[in-house]
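**Student:** Quick mapping for you: the protein sequence lines, in order, are chains A and B. This note's numbering puts the first residue of the first sequence at 1, with every later residue one more than the last. This note's numbering puts the first residue of the second sequence at 1001, with every later residue one more than the last.
Calculated from the structure, these hints are not laboratory results. Small disclaimer: the values here were computed from a predicted structure and weren't measured. Just so you know, even glycine gets a beta-carbon here, dropped at the ideal spot from N, CA and C. Hints are not guaranteed to be accurate.
Said to hold, decoys possible - Residues from chain A that face chain B, not an exhaustive set, calculated with beta carbons under 10 Å: (1) Ser108; (2) Glu176; (3) Gly408.
Claimed, not checked - Label-pair restraints from in silico Cβ distances: (4) Glu320(A) with Thr1402(B): 23 to 31 Å; (5) Asn1282(B) with Leu40(A): 31 to 39 Å; (6) Lys1159(B) with Asp317(A): 22 to 30 Å; (7) Arg29(A) with Gln1109(B): 43 to 51 Å; (8) Gln1109(B) with Gln22(A): 29 to 37 Å; (9) Lys1159(B) with Ser83(A): 33 to 41 Å; (10) Glu1343(B) with Glu114(A): 15 to 23 Å.
There are 2 protein chains.
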Amino acid sequence: MDQKIMEKRTNIIYRPQKSQWQNILKRERKSSKNDYGTGLIVENIEKGGDKALLSYLKIFDSLDIEASELEVKPEEFKEAELSISEELKAAVDCAISNVRKFHAAQKSQDIAIETMPGVVCRQKNVPINRVGLYIPGGTAPLFSTVIMLAVPAQIAGCKEVILCTPVGKSGKVAPEVLYCAKLCGVTRVFKAGGPAAIAAMAYGTETIPAADKIFGPGNSYVTTAKQIVSKEICAIDMPAGPSEVMILADSTADPKFITADFLAQLEHGKESQAVLVTTSENLALETLNELDRQMATLSRQEYIAESLGRSVIVVLDTQEQMVDMANEYAPEHLIICTENYRETAEKITNAGSIFLGNYTPESAGDYASGTNHTLPTGGWAKSFSGVNLSSFTKKITIQEITREGLQGLGPVIETMANAEGLDAHANSVKVRLG
Amino acid sequence: MDQKIMEKRTNIIYRPQKSQWQNILKRERKSSKNDYGTGLIVENIEKGGDKALLSYLKIFDSLDIEASELEVKPEEFKEAELSISEELKAAVDCAISNVRKFHAAQKSQDIAIETMPGVVCRQKNVPINRVGLYIPGGTAPLFSTVIMLAVPAQIAGCKEVILCTPVGKSGKVAPEVLYCAKLCGVTRVFKAGGPAAIAAMAYGTETIPAADKIFGPGNSYVTTAKQIVSKEICAIDMPAGPSEVMILADSTADPKFITADFLAQLEHGKESQAVLVTTSENLALETLNELDRQMATLSRQEYIAESLGRSVIVVLDTQEQMVDMANEYAPEHLIICTENYRETAEKITNAGSIFLGNYTPESAGDYASGTNHTLPTGGWAKSFSGVNLSSFTKKITIQEITREGLQGLGPVIETMANAEGLDAHANSVKVRLG
Chain A
1 MDQKIMEKRT NIIYRPQKSQ WQNILKRERK SSKNDYGTGL IVENIEKGGD
51 KALLSYLKIF DSLDIEASEL EVKPEEFKEA ELSISEELKA AVDCAISNVR
101 KFHAAQKSQD IAIETMPGVV CRQKNVPINR VGLYIPGGTA PLFSTVIMLA
151 VPAQIAGCKE VILCTPVGKS GKVAPEVLYC AKLCGVTRVF KAGGPAAIAA
201 MAYGTETIPA ADKIFGPGNS YVTTAKQIVS KEICAIDMPA GPSEVMILAD
251 STADPKFITA DFLAQLEHGK ESQAVLVTTS ENLALETLNE LDRQMATLSR
301 QEYIAESLGR SVIVVLDTQE QMVDMANEYA PEHLIICTEN YRETAEKITN
351 AGSIFLGNYT PESAGDYASG TNHTLPTGGW AKSFSGVNLS SFTKKITIQE
401 ITREGLQGLG PVIETMANAE GLDAHANSVK VRLG
Chain B
1001 MDQKIMEKRT NIIYRPQKSQ WQNILKRERK SSKNDYGTGL IVENIEKGGD
1051 KALLSYLKIF DSLDIEASEL EVKPEEFKEA ELSISEELKA AVDCAISNVR
1101 KFHAAQKSQD IAIETMPGVV CRQKNVPINR VGLYIPGGTA PLFSTVIMLA
1151 VPAQIAGCKE VILCTPVGKS GKVAPEVLYC AKLCGVTRVF KAGGPAAIAA
1201 MAYGTETIPA ADKIFGPGNS YVTTAKQIVS KEICAIDMPA GPSEVMILAD
1251 STADPKFITA DFLAQLEHGK ESQAVLVTTS ENLALETLNE LDRQMATLSR
1301 QEYIAESLGR SVIVVLDTQE QMVDMANEYA PEHLIICTEN YRETAEKITN
1351 AGSIFLGNYT PESAGDYASG TNHTLPTGGW AKSFSGVNLS SFTKKITIQE
1401 ITREGLQGLG PVIETMANAE GLDAHANSVK VRLG
């Protein structure tokens, strides 16, 4: 490894005071004040539709096509399928099967109860009509994200599932993305990337229909575009930020396994973060040594080296402190490798997804165990769930009151409405019972 | 009624083409580009804490107090309770009981399934730790909203429920708000209103703790503040906008009832909107006449008169068209008064809350039937649910894989990770199985 890479090291911090935790666990928070031109792109797509979209694709995706070529055609799907190896097909089948089983089990029951005589209240789960998925291009074709978003959309019963993704250097969409899109029930795929694609799915263009909710990861421009449209017209899955992992481990953990998970997180990008929290000084030191050893064998060293510098190993005295630190950090991914890992997990209140024991690497959830990999980052796990079946549905309430029911409930409504100074509300009961 | 009031009339539109619907159902969409100084207020609270908050309360709420007086004290709760009539107490009890029954029925089951041998995936519902409720002051003390937000928070098991509300002209918080807050398990109440209160709950001050999610209605400054903090640090319930109702009615409906519901909606504020959609020309005309008659008896004519102008009666040919129009508009409140109202309701895919038949006024859901009244406006019902039990919880996924389980799943993970170019992900399986 060259000198520059070696300069970035992960530090061990021993027994910090609780008052220091916030600073140790600090994430980079980007100011949302400057949108670097994203707002203008969104505005131009809203006004200019296909024409504006095509001109942005020419600039940013080096793609010079007509509106009629935006949508991926059946023959392109066929061509993509032919290029996928049998081994990858089998792996994708297994992942889809597991993701399908776990998300199908999440179906909510509709409910109906009579809250008082003659007053029936219902709650009904209804699929969101049209959802838009965004799959970034960039350094790797994230076909696993197609599975994670399209499978629950299909189980929820969304009528239309559209997908935008940029073409690669070849001018084509990654074949793995098309293959998974077809297998998972995506209705239409469009060759469009970046904030312009987000705006197109939010406002609709002549070719791309407007979605009711947009899902999927992306760089900071895509994230900004999602934030902008979510204020105006179109729901989004969740606030997005750099990926992160926290590992809680004691002396029963294997430093080789811990290190591999640490590095798997860091290869995602230069802004990734990994935090190892341990009660074992030995484990901390062994992991630090193992980091250099394993890193030397990996290909994405550039990303890893950069994010090693924002990663940290923290030594604490007790299991209880480890749990407190995890709940304060609210990690996207939380790996628990302690002797009593199940007991520890029960105390976790803030995390996106939890990985238990020595044989549950985070990569299992990233790809194939069945859980979703679209998870809240940046501490949002305090209030947000990861993508799950309910992300693709909404709950509508329905009430039906009989004349007798209203005779019972009416006076309550009138009294409360009058106390709030809303006599037209009281009147709507009065005219019915009068 | 004076001339000016009579000038604003609700129009009847007969059998519009579908291409005209969007224009007829147009809502006022405020530009989110200008925040009218709200961003600066939020920033100052983040930096200045209590001191900044107190100075804003002095300016906007005419409240000149010390930090130690921000929190409502036990004796103030006692004083409030003494001022509430027995009639109102009984009404509030009934409303709380119904809201509690309906929301308690919404508890989600945790799930656990073995997606393949040795691979167990779980989904667990966990309460959000600390939630912040905002209750506006203004023309009426909205104590019903305290019930609608605090009851599900309590059922969900949120550890802390804080509430901010401005004082009235008397310098005190409305006694109805304090009474309901205490009954529904609110932990602490603070005398703070407007965007400064939202920022205080998002970032925390020396006195007000930072909440993980903020709920509640407010004017456009409060809404803007919620949007700003939701990009930075704190989740919010949903995008908020003016209240609205759509009524689907045929010749079996009673124009007196329809009119009362129409007017109840409009008294909310000058930006409210009501839309009556009917297959009966007679009903349209009778409702128009009845509007003048009933309005004359009501007190909030100023609001009603203003919002009558943005309200409309639409005559369509078929039930099917009515359903289509409702799904396109995605109303916050949808009243269905047709002969086959249950059948009609089954076809509705976009609405916040639905009110069925002649004896279910919207005001029932606003106060006391059991359903929640915090609902998506502005067409957001296409993707958002109203506030419900799950708004106060998040879902954490947990997975546990045995060594044998990883032997089965590992090759799938490795194949997919390598295909995405992420060899550190593949490595985290390899080190465990090697």
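**Student:** Take the hints in turn and mark each one as holding or not.
**Tutor:** Checked hints:
| no. | hint | result |
| --- | --- | --- |
| 1 | Ser108 | 7 Å, holds |
| 2 | Glu176 | 6 Å, holds |
| 3 | Gly408 | 9 Å, holds |
| 4 | Glu320(A) with Thr1402(B): 23 to 31 Å | 27 Å, holds |
| 5 | Asn1282(B) with Leu40(A): 31 to 39 Å | 52 Å, violated |
| 6 | Lys1159(B) with Asp317(A): 22 to 30 Å | 25 Å, holds |
| 7 | Arg29(A) with Gln1109(B): 43 to 51 Å | 36 Å, violated |
| 8 | Gln1109(B) with Gln22(A): 29 to 37 Å | 35 Å, holds |
| 9 | Lys1159(B) with Ser83(A): 33 to 41 Å | 53 Å, violated |
| 10 | Glu1343(B) with Glu114(A): 15 to 23 Å | 21 Å, holds |
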